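Chains as they are written, first to last, in our numbering: chain A, 1 to 325; chain B, 1 to 503.
Calculated from the structure, these hints are not laboratory results. Remember, it's a predicted structure, so these values are computed and weren't measured experimentally. It is possible that part of the hints are untrue.
[To be verified] On the chain A side, residues computed to face chain B include the following (Cβ under 8 angstroms):
| hint | residue |
| --- | --- |
| 1 | His152 |
| 2 | Thr190 |
| 3 | Arg194 |
| 4 | Ala198 |
| 5 | Leu211 |
| 6 | Pro212 |
| 7 | Arg215 |
[Claimed, not checked] Chain B regions said to be covered by chain A (calculated; three or more residues, Cβ under 8 angstroms):
| hint | segment |
| --- | --- |
| 8 | 69-78 |
| 9 | 81-95 |
| 10 | 106-112 |
[What the hints assert, rightly or not] Think about it this way: if two alpha-carbon atoms lie no more than 27 angstroms apart in a straight line, the pair counts; the simulated BS3-like pairs of lysine-lysine are:
| hint | chain 1 | residue 1 | chain 2 | residue 2 |
| --- | --- | --- | --- | --- |
| 11 | A | Lys208 | B | Lys264 |
| 12 | B | Lys120 | B | Lys178 |
| 13 | B | Lys315 | A | Lys208 |
The C-beta atom is built at its ideal place from N, Cα and C for all residues, glycine as well.
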Amino acid sequence: MTSASSSEIWSVKRLRSLIGQIGFPIMLLLLFIFFSAATPGFLSIANLAALAHALAPVAIIASGLAMVVMAGNLDISVGSIAFLSVSIGWSLLGLGLPVPLVALVIVVSGGVLGAVNAFIVVVLRINSLITTLGTMIAFRGLALELSGTNSHTLPDGVRELGNQAIGPIFVDSIIALLVVVAIHVLHQRTAYGRQLAAVGNSALIASKIGLPVGRVIFVAFVISGCLAGLGGIFATLQVGALTAFLGRGLEFNAVAVIVVGGISLFGGAGNVLSGILLGAVTFEMIRNGLNHLDANPYAYRPISGLLIFMAMYADSFRSRGHRRK
Amino acid sequence: MMAAPGLVLSNISKRFAGVSALKGVELTAAPGEAMALLGANGAGKSTLMNILGGVIQRDEGVALLDGHPLDLASPRAARAQGIAFVHQELTMLPTLTVAENIMIDHLPTVGGLIDFKALKRRTQDLLTRLGCRFDADTRVGDLGPGDQQMIEVARALSRESRVVIFDEPTSSLTEPEKQRLFGVIQGLKSEGVIVIYITHFLDEVFATCDRVTVMRDGMLVSTGPVSAHTVASLAHEMLGEGSLAGDIPTAVPPADEVILSVAKLTRARVLSDVSFEVRSGEIVGLWGLLGSGRTELLRALVGLDPIDSGSIRLKSSGHLVTVTPSQLSRSTAFVTEDRRGEGIFPGQSVEQNLSLPTLRQLLNRFGLVDRSRERSLADDLIGRLGIKTSGRGQDIATLSGGNQQKIVFGRWLGSQPTVFLLDEPTRGLDVGAKTEILRLAVEIANGGGGVLLVASEPEELMRVCHRYLLMDRGRIVGELGRGATRDDLVARVSNRAVDEVLQ
Ligand SMILES: Nc1ncnc2c1ncn2[C@@H]1O[C@H](COP(=O)(O)OP(=O)(O)OP(=O)(O)O)[C@@H](O)[C@H]1O
Ligand SMILES: [Mg+2]
Chain A
1 MTSASSSEIW SVKRLRSLIG QIGFPIMLLL LFIFFSAATP GFLSIANLAA
51 LAHALAPVAI IASGLAMVVM AGNLDISVGS IAFLSVSIGW SLLGLGLPVP
101 LVALVIVVSG GVLGAVNAFI VVVLRINSLI TTLGTMIAFR GLALELSGTN
151 SHTLPDGVRE LGNQAIGPIF VDSIIALLVV VAIHVLHQRT AYGRQLAAVG
201 NSALIASKIG LPVGRVIFVA FVISGCLAGL GGIFATLQVG ALTAFLGRGL
251 EFNAVAVIVV GGISLFGGAG NVLSGILLGA VTFEMIRNGL NHLDANPYAY
301 RPISGLLIFM AMYADSFRSR GHRRK
Chain B
1 MMAAPGLVLS NISKRFAGVS ALKGVELTAA PGEAMALLGA NGAGKSTLMN
51 ILGGVIQRDE GVALLDGHPL DLASPRAARA QGIAFVHQEL TMLPTLTVAE
101 NIMIDHLPTV GGLIDFKALK RRTQDLLTRL GCRFDADTRV GDLGPGDQQM
151 IEVARALSRE SRVVIFDEPT SSLTEPEKQR LFGVIQGLKS EGVIVIYITH
201 FLDEVFATCD RVTVMRDGML VSTGPVSAHT VASLAHEMLG EGSLAGDIPT
251 AVPPADEVIL SVAKLTRARV LSDVSFEVRS GEIVGLWGLL GSGRTELLRA
301 LVGLDPIDSG SIRLKSSGHL VTVTPSQLSR STAFVTEDRR GEGIFPGQSV
351 EQNLSLPTLR QLLNRFGLVD RSRERSLADD LIGRLGIKTS GRGQDIATLS
401 GGNQQKIVFG RWLGSQPTVF LLDEPTRGLD VGAKTEILRL AVEIANGGGG
451 VLLVASEPEE LMRVCHRYLL MDRGRIVGEL GRGATRDDLV ARVSNRAVDE
501 VLQ
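Pulled out of the complex, with its shape left as it was, chain A reads as follows (with noise of 0.2 angstroms):
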């Protein structure tokens, strides 16, 4: 009888959490259908395809992120660490290193900083937020130093490369959900995405019953640092040029992607693919959105701003749920 009584219990809760899940997304499908309808210039391949272009630094980066935040850490170095990689990156193509192995480069040297950051958090204890706040302004310190403050324009070979489409669909925006598509199988379904999980639930009760913490937090740090180099290469393709702004802002992009697609800052919960790809779509959609609107261009702001508010707030109450029982 006891299974019977509170299985029936629980489905109202299912229920109620179904909705919070699902509120999201028929948010974003109404603003689609009211973007669609109150532009002419919305709902055309081309614009779409110029959305899917647009956010893929930012999905790539905020995959990267997700791994470290579904352990119950937070990483805002990303921005920078994508600035002070690509640098470094552009320091070797300027020695006449060939591209490809350019893009290697900077993608290992984004994970050698993610290293960075997961030495100082695993092996000296120093709390995630502050340590990558600290190594924030440090590595956007040594990129300025590297490239200097003047903007770079990318020679005219390399340029192209951000143009690359298969049919109306841009390269990166493909490579981004290759990106997005990996890290959550790695999530869900590989031993070491559960133990992120279980990591994220409780770092204390993970050690205690055995898991490798330090490992999983470090691995997850080195992640987050090789897609923010990824991320940083195609975030500079589409502008064309290297310039002192490479980064700035996007670690707060890619956090607020990850708060909006549901996946939780108190980490231990949340979807990947959904999430980030929710998550990504929501903010560019608005964007673009009120671009052809012609709205006042800093409508988005406080726009962007409800919209982490109300998901913080849906967060918030998920994780009461699931930590009280």
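Assemble the complex: chain A is given as a structure, and chain B with the ligands must be docked to it using the hints.
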């Protein structure tokens, strides 16, 4: 030289911040043997087992298995050498599924990906063996404490082990679940596994264990066969000379004056039409099985869960006035069944945890908390409840489980509310402390307060209650007077459980 097979812990010592928790403890157990480990709250049982489980490191001592030294540097190392641990405080990962929780440190994989079929099959086998009826894909956060405790056991059994430690495994289990657990322990013994069993339910020792080791204040008191003991002799060894708390005074008959009146309290699918009254000086026992709605009723009363309809009236300056649950919660003492989740504030000191409900009365004329009064309140409560702590400044999270429970109850004694809602207030307490809490409940009643008491053990209710409310599936299905026997109580709810099975 051939060493004796089995586990040997020798001369184990451990100090925390200068305070000795273990002083040269010895413990041995042979393969196929179940060793009971007993001691009062704070005696050091969990600390000793945490050392064996690699959770904390010993300062001194030797640990051998079959004559070979054990590497107990981490839980992982201990586990790899066949030591499984059912923790006193549940170690659940609420956002993961049951299967993932059980197998988290050895998930089966093919080609780098988790083999979910094998995972499910293997967990389902374990759950069947334990007689659990929930699905392996359920999210653990959606299950109650009893089910979670079974998952904790399942995790320990999921790997081949040489030693299985059970640290108070039955504190949230129902009777049938307990019986199944005992069956599993018999199975482990016949496979030659060493079982170490910690409990405060002394009768369980006689049902499951072969030998018994008693600890007191971090030291070994005695070790020997269970057959040489009685419940009384064990209690005596645990608590030492003269500290067996005296008898519980009889509660005087309650006055006629109703101080809490609840009418038609309803919460969809959880509580329906719950009505009852509590009189001044009365201790009302709320009896029902796990999941009957008893915890849910208390939670709804104090506003932790929303209610759909119904009214609550509370005596206030001579009249019964209608109050909301959150108003009620401000003038009642509420002891939660979920100590770790809701009862304590980890990271805060014993003193801060004790003074919480009383802070308003401790303000000085500047509106700040008067530290010296706070301190003396804390010292007073520590003394009255016999809370074992190195000082009022100790982090509550580092107290033994039973001593944390004493604080969850004891903090209300300072503010002296008239209504006490107690959900399993004696969970995890040793026999002496249990008696002490029940004695305090009687004192509260004799002082004119009203107590609503939930307990899983009918014997416990029967020691103090004036009458019993019987709960089943969110309803109050009956009421029994003081003279009711254990069988009366059990029969009323178990008949229904049987009906359910037959349907
Ligand atoms: N991390 C710690 N820091 C300080 N003191 C500690 C710590 N862990 C345990 N202690 C102290 O060690 C003593 C023994 O605690 P332990 O948890 O082993 O008791 P126990 O026998 O398991 O009691 P219970 O029956 O209440 O669970 C207690 O006095 C406790 O306060
Ligand atoms: Mg203990």
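Hint-by-hint comparison with the structure:
no. : hint                : in the structure
1   : His152              : violated, 40 angstroms
2   : Thr190              : holds, 6 angstroms
3   : Arg194              : holds, 5 angstroms
4   : Ala198              : holds, 5 angstroms
5   : Leu211              : holds, 6 angstroms
6   : Pro212              : holds, 7 angstroms
7   : Arg215              : violated, 11 angstroms
8   : 69-78               : holds (count 4)
9   : 81-95               : holds (count 6)
10  : 106-112             : holds (count 3)
11  : A:Lys208 / B:Lys264 : violated, 45 angstroms
12  : B:Lys120 / B:Lys178 : holds, 24 angstroms
13  : B:Lys315 / A:Lys208 : violated, 47 angstroms
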